[in-house]
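Visitor: Position chain V relative to chain A; hints supplied.
There are 2 protein chains.
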Amino acid sequence: MTSSDTPSSFDFNAYCVAHRHTVDTALASHLPPENQPPEILHKAMRYSVLAGGKRLRPLLCLAACEACGAPAHTALLPAIAIEILHTYTLIHDDLPCMDNDDLRRGRPTSHKVFGEANALLAGDALLTLAFEWLARSQPHAPRTSADLVRTLADAAGHRGVIAGQIEDLAAEGASPSAARVESIHRLKTAALLRAAVLLGGLSAGADDDCLAALSRYGEAAGLAFQIADDLLNETSTPEQLGKAAGSDREREKMTYVRVFGLEAAQRRAETLTMEACDALSKFPGSVEPLRAFARYTIARKS
Amino acid sequence: MTSSDTPSSFDFNAYCVAHRHTVDTALASHLPPENQPPEILHKAMRYSVLAGGKRLRPLLCLAACEACGAPAHTALLPAIAIEILHTYTLIHDDLPCMDNDDLRRGRPTSHKVFGEANALLAGDALLTLAFEWLARSQPHAPRTSADLVRTLADAAGHRGVIAGQIEDLAAEGASPSAARVESIHRLKTAALLRAAVLLGGLSAGADDDCLAALSRYGEAAGLAFQIADDLLNETSTPEQLGKAAGSDREREKMTYVRVFGLEAAQRRAETLTMEACDALSKFPGSVEPLRAFARYTIARKS
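One line per chain: the protein sequences are A and V, in this order. Each number in the numbering used here corresponds to the 1-based position in the first sequence with 15 added. Each number in the numbering used here corresponds to the 1-based position in the second sequence with 15 added.
It is possible that part of the hints are untrue.
Capping the alpha-carbon separation at 30 Å, the derived lysine-lysine pairs in BS3-like fashion look like this [unchecked claim]:
1) K58/A <-> K69/A
2) K268/A <-> K127/V
3) K127/A <-> K268/V
4) K297/A <-> K127/A
5) K297/V <-> K69/V
6) K69/V <-> K58/V
7) K268/A <-> K58/V
8) K127/A <-> K127/V
9) K127/A <-> K58/A
10) K268/V <-> K127/V
11) K268/V <-> K58/A
12) K127/V <-> K316/V
Worth flagging that the hints you see were computed from the coordinates, not collected in a lab. All values reported here derive from a predicted model rather than from experimental measurement.
Isolated chain A (complex conformation) (with noise of 0.2 Å):
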């Protein structure tokens, strides 16, 4: 990640690098190892989990801890947590019933590998564990892990991504409607966005007024990421996406892009990434890195 207009003071790149070392490193040790049985799920488990991304949302949660007013490492298992869930929606969502994707980071999706049957469980232990963790995270403060597994429940569930995944399969092809693309965003999008954000504010111990702030900030950044995600899926390279580029569009999938046209949507982009940065003005540390991630979240390559 590179963000050219963050404070020289701040190194966004830097830090990115040593917060992701230490997601990666904590992800690939607290994972099931492949040697034990059951191997091939484990296996899958691993394949799915460790094959790089941005770790953007363990960053964030990171990031929200701090700027809440507590060292990163104190959100560690909340924010790996977080991950394992995400890589759990995009192991169903490209399954053949789903979105029957072949490439997933530029290799062969889990189903492709492991077949359906495995990549199915896989994704559901991978669900599993991720509330194993949180309920693990805080053994001296266990209603704060009980607040992490109400939290994350409430943005995967029913009322957050799922409800979005169905929105998004049941647009597949409609007309294009401004308030249901941006419906189908925040719930499958911003909704684990923000809960990222808030699991690093709960971890911290953060009081009411800054895990408002921090829903603000996560509910604008995700909708500007997913936007931003959209014009990627429009404008790049196969290469830089890791996957078909244009394949939104084939699929008539309900894009930003599609409903509002690519300069309307790169402006709303900007509108919500200020709206997250204004959300920040009143934390006991740092938000610079989360200010950073905002501004990343459109400048991003891919």
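Guide: Leaving out everything else, chain V in the frame of chain A:
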């Protein structure tokens, strides 16, 4: 449910009818309503959960709570949480890429009614909602909430039910093995029945001795239940089962009957039932319901 050899002072049938009514009412009121979007998701969730069924897991959860000296309603939310988690395993198990079953409890399976994508997502949503309910279940005892989430995730995840499903799929058509069938049954069925009684005990604030005894009870009764299931699959009519009889044999599933024969399987189930009852010696509350359940698991006709 009927159990002819329970003491006359305890009416097991009336107990089951009353508690099943409580469970069914709680499920109907806690599941998201059908007229709330996304309607098709909520319809699919309710279709599978409210299809009847024995409600064995929630009833065991409530009975364990009472055995530990607390009123049954203390464990009501965990009881219905484990039922919707069980329902998710059935929906995903029935999918074409898994067992490809058309009938469940005498009705078309979820994917037959709602399509594969919606069935997949309804299962995901039920799994997620189960953890949300657990996290909300003990607002005044958050440590218990965290323990409930850990316990259910442990039983349902990559070390429990999902490991059992992977082993089950891998064992289809393989040569019969006593160790293998016992491992599959312990993971696929006993793990969740054991979790059901543990959730009841945890909700009651049970001490470690009671929890350990519940664990032994659940493990033995759970294994007996699955062996009885194998016996019923061989000896029942399709009307009794609500699905095709003898389907395990046709699919060369690894069953107790296939490995040990009918008589030895029956004897093993009886021994396990005695083991389960032996674990019930020191509880502050009434253990009659748990004892009756253990006997019922092998006496049932469906």
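Visitor: State for each hint whether it applies.
Guide: Now for the hints, and whether the structure bears them out:
Using a Cα cut-off of 30 Å, the hinted pair K58/A and K69/A holds, with the two alpha carbons roughly 21 Å apart. A C-alpha spacing of about 25 Å is found between K268/A and K127/V, which places the hinted pair at or below 30 Å, so the restraint holds. For the given pair, K127/A sits about 25 Å from K268/V by alpha-carbon distance, which is consistent with the 30 Å threshold. This hinted pair does not check out: K297/A and K127/A have alpha carbons roughly 47 Å apart, beyond 30 Å.
The straight-line distance between the Cα atoms of K297/V and K69/V is roughly 27 Å, inside the 30 Å bound, and the hint therefore holds. Annotation: proposed proximity of K69/V to K58/V holds, straight-line Cα distance about 21 Å (limit 30 Å). Pair hint K268/A plus K58/V holds up; C-alpha atoms about 24 Å apart against a cutoff of 30 Å. At most 30 Å may separate the alpha-carbon atoms for a hinted pair to count; K127/A and K127/V meet this at roughly 24 Å.
Proximity of K127/A to K58/A is assessed by CA-CA distance (about 14 Å); at most 30 Å being required, the pair is judged to hold. For the proposed pair K268/V and K127/V, the alpha carbon gap of about 23 Å is at most 30 Å, so the pair holds. With a CA separation close to 24 Å, the supplied pair K268/V and K58/A stays within the 30 Å bound. Restraint check for K127/V and K316/V: satisfied, since their Cα atoms lie roughly 27 Å apart, inside the 30 Å limit.
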